[in-house]
Amino acid sequence: MESSDIVARYSSMPGGIIEAYHDLVDREGFLSQEAIIAAARCFGVSVAEAYGVATFYSMFSVKPKGKHIVRVCRSAPCHTAGSATMVDALQEQLGIKIGETTPDQRFTLELTECVGQCQATPVFTIDGEPYPGLAPNAVGAVLESYLQDGTGKEGR
Amino acid sequence: MAKETRIILKNLGKIDPMKIEDAVAQGGYQGLLRARGMAAADLIQEVKDSGLRGRGGAGFNCGQKWAFAAAAPRNEKYVVCNADEGEPSTYKDRIIMENDPHRLIEGMAICAHAIGSRQGYIYLRGEYSFLSGVLTHAIDQAREAGYLADFDITVRRGAGAYICGEETALIESLEGKRGEPRYKPPYPPTQGLWQLPTIVNNVETLANLPSIVDRGAAWFASLGAPSYPGTKIFTLTGDINNPGFYEVPTNTSIQDIVYGFGGGIPGDLALQAVQIGGTSGAFVPPEMLDTPLDFDSMQYAGLTLGSGAVFVLDETRDILEVVTRIEAFFEHESCGKCTPCREGTPRLVGLLEKIAQGQGSRFDLDLAQKLGRNMTITSLCGLGMAAPVPMLTAMQHFPAVFTDQVSIKTSEEGSPW
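Chain order of the listed sequences is A and B.
So that you can map any letter, position 45 of the first sequence is 45 in the numbering used here, and since no number is skipped, the others follow by simple counting.
So that you can map any letter, position 391 of the second sequence is 391 in the numbering used here, and since no number is skipped, the others follow by simple counting.
Rather than coming from a laboratory, the hints here were simulated on the basis of the structure.
By construction, the Cβ of each residue, glycine as well, lies at the ideal position given by its N, Cα and C atoms.
Be aware that a few hints might be false.
What the simulated footprint calls covered on chain A by chain B, stretch by stretch (three residues with Cβ under 8 Å from a Cβ of chain B suffice, anywhere in the stretch; the number is not a length) [to be verified]: (1) 8-22; (2) 54-60; (3) 110-123; (4) 137-147.
Computed, partial: chain B to chain A, Cβ under 10 Å [what the hints assert, rightly or not]: (5) D150; (6) G179; (7) T235; (8) G244.
Listed below are several chain B residues computed to face chain A (Cβ distance under 7 Å; list not exhaustive) [as the list claims (entries may be wrong)]: (9) V24; (10) E85; (11) S129; (12) A159; (13) G160; (14) A161; (15) F311; (16) D314.
Could you put together the complete structure from these sequences and hints?
Laid out in structure tokens, this is it:
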């Protein structure tokens, strides 16, 4: 589906540009220049404003990313529970640093602030799915499940 | 040990959140039916009399807020549920929505009847996107059952911006814009979403309403602390034996939460500090543990109730390092609209890093404090006002943590101004 067709589905929703962006990011992984221009036209705002919205929210990106987004929480409760060790484990498993994407475009590794799963710390998420309170040595199995069926859900 | 008093979470584990009949069997929507039999003015008076105050952190009288919107002479008004729960260490609203979505929907419908609204929105933080299905399903069931005959609710998602918990930033985001706070006044109850009267209430605030209307203002007002009645859900994180969430009367003390419900510190270590109210909250020293957790008692003690998060640090933790991480959070989440917050948050981080590395002077400490006090006065919204609070309260209650890191020699240099 073209970016403009995806955006058009939200045209009747007042202030729907953020929902349209969610949909675009879910399908394409990022907000392309064409998508932002299409959104600007659809919602009657300038391209600058549409770009301003796209770059304000941390869940949107204007650059391509990997298929699966791994985010490690670094807010205070996760920080003191050893999020740095979790970052090390994920970096080692994926062979990339924070902010990078694996060469096969499967995973992008990022830091995030609190995702509201503080019942068990530290926390990381993959495509929004929270993994609270895992030991660093359990990370490999979780990542593996995303390689096998593409969603990770079956591997849990 | 103190026992939990579950009002908001009374259905936890007793109902299937996907089944409206389960909620109804536990008395769900009785409050709404009773509210709809009342005149709007009487309903607002009932909520005022209950003493319910906002559970999002500001502690404003809920009925009073509604009265402003009810009095606004416009036909179109909105009820917005603030489900942008982004305060680190806090997940109480998620627990409510996950387990009893109908209680939230009922609360919103009660508010709609009081102020005369036909459209509501749940602004759900992007990180809680997985709850969108539960909420939408519950709304559909409530609509089919006839509870939403003259009021509808739409779920809209945020996309990762802590600032959108601030009500005018939330409104901007709902309108499809960058989530930057508005200048106030006007306040949302008179000019909010699309410049129309709007009530923005926190999930936990709204979830109190079914019980208040069903059981009466006097019953609610008799619970907990008189000036901030009812219960509060606390989420307990950090160095604690029993991390989790606990719904307790508002006159419960910090001591009861940490040592009663929380079971104390693991490994028999001593308590060093508790941060209450989330990452924007004050650091509390052990000698203040007998402070009751209600809004006014906390404020009187120079502390904050905030979201009700309780983050515990044992004696081995480096407070300066934790405070530096916390201030980096605010640097990341500052929206950039006003100068004190945009420029102040990175400066605080820089000063704290310098001090932590042993490169700081007494002057740097003074500068950080002065900058922090300035930000609390001059920032546009609560984010910038609260950002220095963890640092300032840590400096107040744990001065040696900071002064031990600065050399005495440079303390004589004085101000360069």
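### Query
Can you give the numbers of the hints that this structure goes against, from lowest to highest?
Of the numbered hints, 4, 5, 9 and 16 do not hold.
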